[in-house]
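Asker: Each protein sequence line maps, in turn, to chains D and U.
Here this note's numbering is used: the first sequence runs in plain steps of one and ends on residue 478.
Here this note's numbering is used: the second sequence runs in plain steps of one and ends on residue 326.
Hints in this document: simulated from the structure, not taken from any laboratory.
Heads up, some of the hints might be wrong.
Restraint ranges, calculated between C-beta atoms of paired labels, are given here [as the list claims (entries may be wrong)]:
(1) ALA220(D) with SER151(U): 17 to 27 Å
(2) GLY247(D) with SER77(U): 38 to 48 Å
(3) VAL217(D) with THR314(U): 20 to 30 Å
(4) ALA112(D) with GLU106(U): 21 to 31 Å
For each residue, glycine too, the CB sits at the ideal point set by N, CA and C.
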Amino acid sequence: MAAASGFQLAVPYNESVTAEGSPRTHYSLLNSRLAELGPEEISKRQQAADASFLQQGITFTVYGAEEGTEKIFPYDVLPRLVTASEWDTLERGLAQRITALNLFLGDLYHDAKILSDGVIPADLIYSCKHYRREMRGVNVSNGAYLTVVGSDLIRMPDGKFAVLEDNLRVPSGVSYMLANRQVAKRTFPMIFRDYGVRSIDHYSQDLLACLREIASVPPADANVVLITPGVYNSAYFEHAFLARQMGIQLTEGRDLVVHDNFVYQRTTAGLRRVDVIYRRIDDDFIDPVAYRPDSMLGVPGIMNAYRAGNVVMANALGTGVADDKAVYAYVPEIIKYYLQQDPIIENVPTYVLERPKEREHVLQNLDKLVVKAVGESGGYGMLIGPHSTKAQQDEFREKILENPRNYIAQPTISLSVGPCFLDGGVDSRHLDLRVYVLNGKKVRITPGGLTRVALKKGSLVVNSSQGGGSKDTWVLHR
Amino acid sequence: MMLSRVADCLYWMSRYLERAEHTARALDVQLNVALDESPWAASMGWMSLLGGLRVDLPMEVCADPQAVTNALVFDKSNPSSIVSCIRNARENARQVRDSVTSELWEELNHLHLSMQSQTIDRIWSVGPHPFLKSIHRGSQMIAGIVDATFSHGEGWQFIQLARYLERAMATAWLLESHFGMKGTSLSEDPNPDEFIAWAALLRMCNAYEPYCKIHTVELRPKWILQFLLLEPSLPRSIRFAADQIQSAVTAITHSTGATDAAHVRRLAGRLAADLSFVSIDEVLGDDFADYFSGIVTRCVEIHNAMNDRFITYTVAAALRDFAART
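All chains, full assembly: derive it from the sequences and hints.
Answerer: The following block contains the structure:
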């Protein structure tokens, strides 16, 4: 790797090979089966897998390109393996994290004790662009702020998982987890069977159960709908997929009307009351009366119905404050504060640039660090120091000095690498793992996830908008 | 119970598919018979087809089968071209992806993708028949998949309603155009060109073989008219379509508990009753153009009434309804 100023990254953790160069035990079955099949046969199966994504219309919409261009999400046929004991740690750690973050949000929008106790500086919260003043004092049904969370995990060079990002607003990608599994089972049925992989098929049942549990009416009576921005949204396939899997109605803003603070859907049999909304529309667009008046996606007046407690939304509004990248730095303290426990999964070390000492250090080491804008996601608005030019570094230096609150920095962590099948052969690529956590009356975590792959050799960016792909994740029974 | 928008999308998906099937088959038949006809008869045949499809093309295009085919199949600027119909059908299905079965979606997606790789030059170089056949077969396959995989509830009824409204109108236009050009003299012993043209009309309605089963191969204009207009057992006759429209309207008003939908039920019932009890001599005594445009107008009225009642109703009216129910 040609790193600037002779800076070297730590050797990344290899998912399938030990530091001594021998294959890890749980990968040996895969290796030997792949050798038996041979590259030609694997190529054939890769093509069949790609064709099946296209046929099923499992595509995402590319913005900016010609109207409504649909692409398939690049898929790698080789599964990523996670052992039972690794999963056990992840499961406990993520349940702990979502529980603490949920309590944090409830506190923040009521008494804000964590601020008065000085654990987190108040201006850090109040300057957050996703903090929603209008949520102050709103009693969210069942105290459920976070119902669906997608946590991005990476493996540190020592092999331990760490949380890189919590996605607490409208995390996406779970349909690819489910679709990848369907394809993986057809691609390598025998290998799948012989490995003993934990099932993920019940995700949609768990999701629906959680959505019913947070309703303010008896769960069995709750009319649950999913609201989507519509067919031109990049994740539309996922919205339709989940609605179909759960058997609930896929609605758009124009299907709903608010009257006397109740939400109704327009059906062929007239109006019908809506109790729970699994919303896949961002806060800003949900109600053109309360937020952006130019939004055509939302439902005018829905905020009033929401604040009156007549409709439940998942996730709650204002949850984005807790996945702000500067607030992220405080999650270990948040866990200690609310649960009196040590975090089971660590954070990636993070510099908060509002603190002068840390800012000074970061500005001097821009060529070694990753700098991220706090409110952005999807790999946008970031600087990867070792892969950046002097001009880019100067640009970020200025931006940071202008508005330090808007940025954080982290050491450049070499994501772990795992085997991928590319151009007719097996090669290593960097990958991460998004795990989907559901939270109703209890936390439910589907044993699996979306492993995202940086398909470009040496690249550390796994986002689909930036040339990333994905592969199935097999959580093993043993 | 379903979202109004969903009903609307299913409805239009179905109409576009029916339109694509009809256009593909009619074009396929005409391209085939034009090979056998004298040049004069062939050009009459083209005029009659384009009139029946309500397509207005420049004269120089009409004279060139390849150009006509291109316009009817590949012209993206024409919302009724086959490529537009299939794209629109798929787009409507995609908007309600959760309300259509995966079997339907995959077949429709397949049909759409198979269109993308085709050009007029390519299909013309091997002869357009296999391609056009793949379109109407694909549409028929989808109709079969709809019947086999959908639950026959409200959504399916909207699909039925759309299919038969589209079909009734398309058949009415085709008959109007054909009989309008051939005149009402209805010679009883057709010459070879006439024979070909009448057989083509039957084939365009998938009715040639069923006709022969009943009337043998003696093609008599009056019998053909009666068969395509009034035969209760022929799936592409207008009478059959009217019966299906009435049955779909009845089912939809029942399942939505629309007690005040008498208006639309009356429209559908009247159309079906008129076609059940009219005699062919009464039709022949009428002006053809008036008679068929009357049928089309009544179909449009049913479409509008259904739309007003179930899809684009005002919220104020619906709130009154909601209050009355609870």
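Asker: May I ask which of the numbered hints given earlier this structure violates, with the numbers listed in increasing order?
Answerer: Structure breaks hint 4 only.
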